[in-house]
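Visitor: Now for the letters of each chain:
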Amino acid sequence: MSKVELNKETGPREVFCGLTSIVWLHRRMPDAFFLVVGSRTCAHLIQSAAGVMIFAEPRFGTAILEEKDLAGLADAHEELDRVVNDLISRRPEIKTLFLVGSCPSEVIKLDLATVAEKLNKRFLGQVRFVNYSGSGIETTFTQGEDGALKALVPLMESTDDEKLLLVGTLANNVEDRFKKIFNQIGITNVESFPPRQSTELPKIGKNTKVLLTQPYLSDTVRDLKHRGCEIIYAPFPLGVEGSTKWFLSAAEAFKINELKVHEVIAPLANRARQALEKHTEILRGKKLFLLPESQLEISLARFLHNECGMELIEVGTPYLNKDLMDEELNLLPDDTKIVEGQHVEKQLDRVRASSPDLVVCGMGLANPLEAEGISTKWSIEMVFSPIHGIDQAADLAGLFSRPLKRNQILTSKTLATH
Amino acid sequence: MELTLWTYEGPPHVGAMRVASSMKDIHYVLHAPQGDTYADLLFTMIERRGQRPPVTYTTFQARDLGGDTAELVKRNITEAVERFKPKTLLVGESCTAELIQDQPGALAKGMGFDIPIVNLELPAYSKKENWGASETFYQIIRTLLKDKVNEIDKINPQRWKSLGRRPKVNILGPTLLGFRCRDDVIEIQRILSEQGIDTNVVAPIGSSPEDIERLTDADINVCLYHEIAEISCEWLKRNCGMEYTTTIPIGIKNTINFIHEVHEKLDLPLTNKGELEHKSKLPWYSKSVDSNYLTGKRVFIFGDGTHAIAAAKIAKDELGFEVVGLGTYSREMARQVRAAAKDLNIEALITNSYLEVEDAMKKASPELVLGTQMERHSAKRLGIPCAVISTPMHVQDVPARYSPQMGWEGANVIFDDWVHPLMMGLEEHLIDMFKHDFEFVDGHQSHLGHTATNAPDNKETKHEQSNISIKEEKTILWTESGKAELTKVPFFVRGKVKSNTEKYALSKGLPEINDETLYDAKAFFS
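Protein chains in written order, with our numbering: chain A, 2 to 419; chain B, 131 to 656.
Because the hints were derived from the structure by calculation, they are not lab data.
No false leads were slipped in.
Straight line, CA to CA, 20 Å or less: simulated PhoX-like cross-link-like pairs of lysine-lysine:
1. K443(B) to K409(B)
2. K246(A) to K261(A)
3. K226(A) to K210(A)
4. K69(A) to K257(B)
5. K347(A) to K215(B)
6. K204(B) to K239(B)
7. K510(B) to K492(B)
8. K204(B) to K347(A)
9. K96(A) to K151(A)
The whole structure should be built from the sequences, with the hints applied where relevant.
Guide: Structure, rendered in structure tokens:
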């Protein structure tokens, strides 16, 4: 365990809730529909978080609770039944329907598990129903994906076949690259979870070795373990270093000689390091402050320090799962200040006092910080962009160098009049 | 329970945030769980604001629920007051906090602060954003003025004469995330000042609690957006006799009517009556020959109450369009929108469902859609040009340039924004002449938006289309000559011609539709 400095903070937070993860989950599984059982706030949240990027016919929606639903739970269950029936008759292409709990549905104790069970019986063979909570009182941002995947685990059939299971949503092109590289290394049976179609869930069992692609899947990991899967602990595949160690850990689990891995990866790594260089030029020595949001902060900090030469002022994370993050923490420089949780006002005080060159933060904070003269990078972009793997290392660095480069351009001669 | 895929309005506390963020020296403590901070990005991303909304979220978690969430509220209130030193504190709750009933407003009032505290009770399960904004604005005014209004005499709108100063008005209603409010305020102030009328206070936008306290220095109120300010104007009228204007100055006619109304209320002689209609280019642009082609263009309108009603008036009276659909998502304005629709001999569409709006749009086969950003998307799918006239706000609705909707410049902006998506007059004739050339076949629609390119959309549209054609095949048969003739009809009215012809054929009991039937139907309906 490295000697990082672990701190905890509580107070007002500026972090999305778990419902937000629907924005990428519904794109990963186009045959699934995400029905939030919540309030107008929930509906507005998802469309606002998604609306900045997409504005099309969605495969997610909200069953908005109204006053009469709060009066009697029995009626609320019946109402939800009606809404689901409407939805399925209108959207016959739906194969899996996620009933997603929210803050209000959790507080009034709406039992979505029982509702899902009943609906499963009625729509047997047509639509499958699962439920999880994306509520802000229990989950942050990316944790919603953890809930959704955990809900699917019981539906995964058993197998004793040996396989590598990549767990966590990936961009399709990245997934294809990973599978090709694993093939070259000698791991041929590679599947992904979540799959591209909700009905094509991989089978799992005692010979399934799980390799996480995302750091926010604690509950899913626990349930996969219960099903007998072996968990491969590794740093996450961000940057050349993280990805290399990630491939190596998988190879080790499959008893493949590490020389074989290096043979496959070396040319890719060399190419990636060259591509990184032009970003590193900009990033080296710059001071970085990461506010908590996507849960990727620790891996990003490791990449931006070790491979891009940035100095770490503070690394915020919404919560810290030491088991899953141990490998990452070991790669961080000693005395890295990690802050779990948030008091947004106090944290912003520290941001201002430390005059960082770049702050990674949520969209609510980015422009206000820019207006104070502090460069920012929105964290939400990390979960919408293909950033995983060796081939994407330069693109990942580019997300951080771009704001700094832009600042150089704009503050020189172009905008200033004197 | 209401299935919602997309909503025109946010919850009522977002309305409260619009008012709080519009003002200075105000802070809003919102009892809310993690996640509700998403609303900040509406201001920082869509409006590109360089300041965070003045909101503290208590951020309670599940584990707090068993314990003392009331203490959490008090701690956040204390911290917020110390840190931000507001001159007035708003305290309220979002949907989830409403269920746990901590009464944060009452708690705050018991904490002994020496600043006014506004307790906001905004029922999240029955009300929406605009209502929340309206209620918040009203509660701020009531809290800050309730003692003062008892002490002052009824305000006579003509008192400026005896006081020996120029008449003074308040402009009430503009907020952040309101459609072009930023520029409407400038335009209206400019118009009033040309008439010799001063602005006392503009609120909520840019005002402080001190400004609210001096609202009663004005002679009358200008109610700029009914959705936000009508209740407040009504309260000020009831409690201190302040008159307020009800005409919304969008379009030439209503800008002139508005100026008349202000002058009448103030008993200020209107000396430049004849000049007024020359202040905007809209009347001449609309009269110029190229605008001939605008005559009778079929227009479908949907938006908030204020902008939808205004758009219908302009479309009919100032541009010579035919309004074939009018609707709103503002239930609070349903009565007025219904009345406006009745004047146009159509039935108003009052709904929150954008799918219902798209359906109505399809049925009306308009040549131009005036709607929200969502109607822009629906219209794009249907291949119909569209201009955006109303909230909900999108980053494109906060243009860098000055572009009001109200007043003279607003009318200029409206002419450009509505007419440019259409084909220019001469251009339309050319297309008619050359329509059989390959450049003009479907899919090559000149300057018009092409249909959506992303795959799921296409799939769904196709799906719908095939449904429609199946349905229609059952009703009546089109012969080859009939189909051929139909393809010669310009694409933007083809749907209407098709359904009219079928209606005609059915009413005449015809077994099939050939080319002649098309012409018979055309003669019948024209």
